[in-house]
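Student: Given chain A, work out where chain B should sit, using these hints.
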Amino acid sequence: MAASGETRSREGYSTNMALIETEDLSRIYNLGGNSVRALDGVSINIRQGEFVAIMGPSGSGKSTFMNIIGCLDQATGGRYLLDNIEVEKMDRDAVARVRNEKIGFVFQGFNLLSRTSALENIELPLLYRNVPAAERKGLALSALKAMGLEGWENHHPNQLSGGQQQRVAIARALVNNAPLILADEPTGNLDTKTSTEIMEVFVKLNREKSITIVLVTHEHDIAAYSGRIIRFLDGRILSDEPVKAK
Amino acid sequence: MINLPATFKISLRALRTNKMRSALTMLGIIIGVSAVITMLAVGTGASNKISEQISSMGSNLLIVFPGSITAGGLRMGSGSQSTLTSDDAMAIMRECSAVVEEAVPTLNGAAQIVFGNQNWSTSVYGTTPGMLFVRDWQLADGRIFNDQEVKNAAKVAVLGQTVVTNLFGEMNPSGQVIRIKKVPFTVIGVLSEKGQSMMGQDQDDVIYIPLATAQRKIFGTGAVPNMVRSITVKARSAADLKPAERQITELLKQRHRIGPHQEGDFTVRNLTQMMMVAEQSTQVMTLLLGAIASVSMLVGGIGIMNIMLVSVTERTKEIGIRMAVGAKSWDIRLQFIIEALTLSLIGGLTGILLGLIAAYAVSVFAGWPTVVSPLSVIFAFGFSGLIGIFFGFYPAYKASLLNPIDALRYE
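Protein chains in written order, with our numbering: chain A, 1 to 246; chain B, 1 to 411.
The following block holds chain B by itself, in its conformation from the complex:
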């Protein structure tokens, strides 16, 4: 084996001799590495955002909607039937407690809110205190209504951040009286900020009030006194989602007197699963982007091989001289491999730098969230090194096979 520092010095000298050529050869690797880093940063950013949204929605969620009604041959769509009641929610809690941690009934609708001379239209959710737990939501200030207040249909409200900003500005809303559809409510709490949902909805544009209050004083329930628009169910774990879905379906069919083979008058949606699928698809997308970018690194590697082959031919005489003074096959091989490695690693480092800049630029100018993971940097750097060794090997091997006397005589 050969002296590594000396070999490295020889490689650098050889690369410096052909500055332009070395730079152009590196360009392939530079573009490849920076593309890999940028693409992985964009992909990781997207999938991180989705994960964030999933956890902001609350984990292990199922949502039960009432089924559609058919009026004069027209099917009115999901949720149009008023078959779901808060009793159903209580029954789910009672009967499926092995797999269900919490079931929260909700009656929601849009309403105009007035405070002083300000007004705002938002979604008003009549629900139970369990809602905050189900959605993993914290209060920024004050408290949530208790079971007593739900039972008594108390006129108290908990506001989302967007509502607070639009009605109160900088003012502290606690204890203030707002009007929802002209009914006065006392603000008892403010929710912490949650941000956008996966569908781009502002989750903070919301008011929570006791379910009974919504049913009796704001939206009305028509013929069914306990009607709700949905029941949000939190399963005990991700593994319990499937059994919970099955048990709830069975229970509600039974309660609604629907035969086992008939279609139910309700729908159970596995929200978390849907989100997970979305998350997985972004991950696949990230991998795909990375793979495509890796192809450009490969192309860069072929460029290195090309130049190394030219270099071996050009320096045949030098190889001959080295062999004459006693360079062994591996000495020659190592020299050219190190040269290729130096090219690819300098290219790799430059590419990483460029990739970081590009990822930053994408997040600033395109507004996409980008996350450069250290792993992607290590991967790109390692991969460029591997490419250098891999594509440097053949030219190096070719050089080492030269016959000393033929190499010496080469002009």
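One chain only, chain A, in its complex shape:
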């Protein structure tokens, strides 16, 4: 586990320490008078350095769970600690800072800014962290190179293939040295070959930089890259078991 010079020192995180800790987490949506329980008492511990796949059918609550642990949505009940920070009690801007510093997102639909170059997309988290322009560019460029996208920095998302776009998104997630990457069906829009490549990137990041990865998928062969599979059903955890080593 060789931490490169730019990688923030992670001595503070012991591998046994919980990075994500939820206790009886619930989320109730109000849809036209009907309350829908999307999450119903979910208690989970995810330690620093784990690679977790979350599976389950549509409507099982896995995406809701991801949104809450990603601080994009708030639970209606229960407790959530991210890196021992009680996110529920924070105001909007403090939560935004947590997202910026602790979490990198990778989405199914890539969610890159159109009409914006690959490099500028990667720079985005640094922009909201007030990193000076020159430094921003340097950091973004090395993240881009780490994803094997050298030479593509000035291309706009619509000039890149799906796999390349997803690599840009991963570079964006990495550029702030966040300890956690949340990937919501990252291979859903990619062909098998590209999916394999992207998954190998995740595995490498997890092994070499000990970045915690939580991944939502409904494909078994994608989930098989992880070390632990949590299955959701009707807003509850159905099963939580380690993946047998291949």
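Everything labelled a hint here was simulated from the structure, so no lab data went into it.
We put the CB at the ideal spot given by N, CA and C, even for glycine.
Check each hint, because a few of them may be wrong.
[Said to hold, decoys possible] Derived contacts from chain A toward chain B, CB cut-off under 8 Å, selection only:
#1 R92
#2 R97
#3 N100
#4 F105
#5 R115
#6 N130
#7 A133
Tutor: Same frame as chain A, but now just chain B:
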């Protein structure tokens, strides 16, 4: 807080994406700003012209006219009575010297002037040397007649520029002999150019001669030997105008043996005050024009708000992405405010340019004097910036309140 240059770059990119829409949105501000600049230029031009005319007339002036006579039930109008004399003028100088700096009696009338084979009809003013001081008028050449010449009814004349042009052309008139109503006069001086009066009269179409000469040799005075048509009074200061008016009225009533409650046989007119009122009304007019034009800027601002709201809705997903990677409320707000500000300031600059061109065009094609004051340019630019911030704020605020996950999922 966010990196300003980067935010500005993002705004420009967003505006460039919808070139047509941005241009049309700016149009409101462009029209507003150029209207403000043009209107203020027209108004300032008009009020400057009036100020110029006031100072060309001389400052702090009162004019005393004789009253009207009533003949067989017909009132003949102001100045028809021959009750005012040059002694009255001397009495004003003597008695009211605390507030009056100079009182100049005048007897004037129209007369035909001949020089060589040229002739011209003009206003001939019999007056005293103090006239030039009272009217703040300089000589272009030669001298004004002195008190001795006034007393002796010397046949000397000082000509206005228009008279010079019409009688002499390019020739130097000094020392030449002209005939006023067939009486020969020697030209001893030429007045500098004064231009039009407020009423559009050519102030340079005039000849000044000694008062006594006018009384005895040109116009005649009838039954009253010292009769004058008016007395021009210069008060010591603007504040002295009112007291001077009152004191002169009292003095002349006394001299003309008129009871305190009777109407006088003369009128005192506060010329300067009349002009000031005119000046003030143009200033009010300028403000009104500016205010009306500002309304169009406001309308332009509402246009900006409208487009920004559309833009926020269109870019909900972008806002979601930015929030997901850590943009705080103010980062989002600032982005949209800067976008609105960029729109309004580019519109403002274009409007200023257009306004300058329009003001110039008005002065060239309509012949109105226009003055673009730097203040009006600063005002218009600043106001357009304020409008951008003001009308950009609500859409920006709305954008910053979006829930990150809802914004991300927005299609």
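Student: Identify every previously stated hint that the structure contradicts and give their numbers, smallest first.
Tutor: Nothing - there is no hint that the structure violates, so all of them hold.
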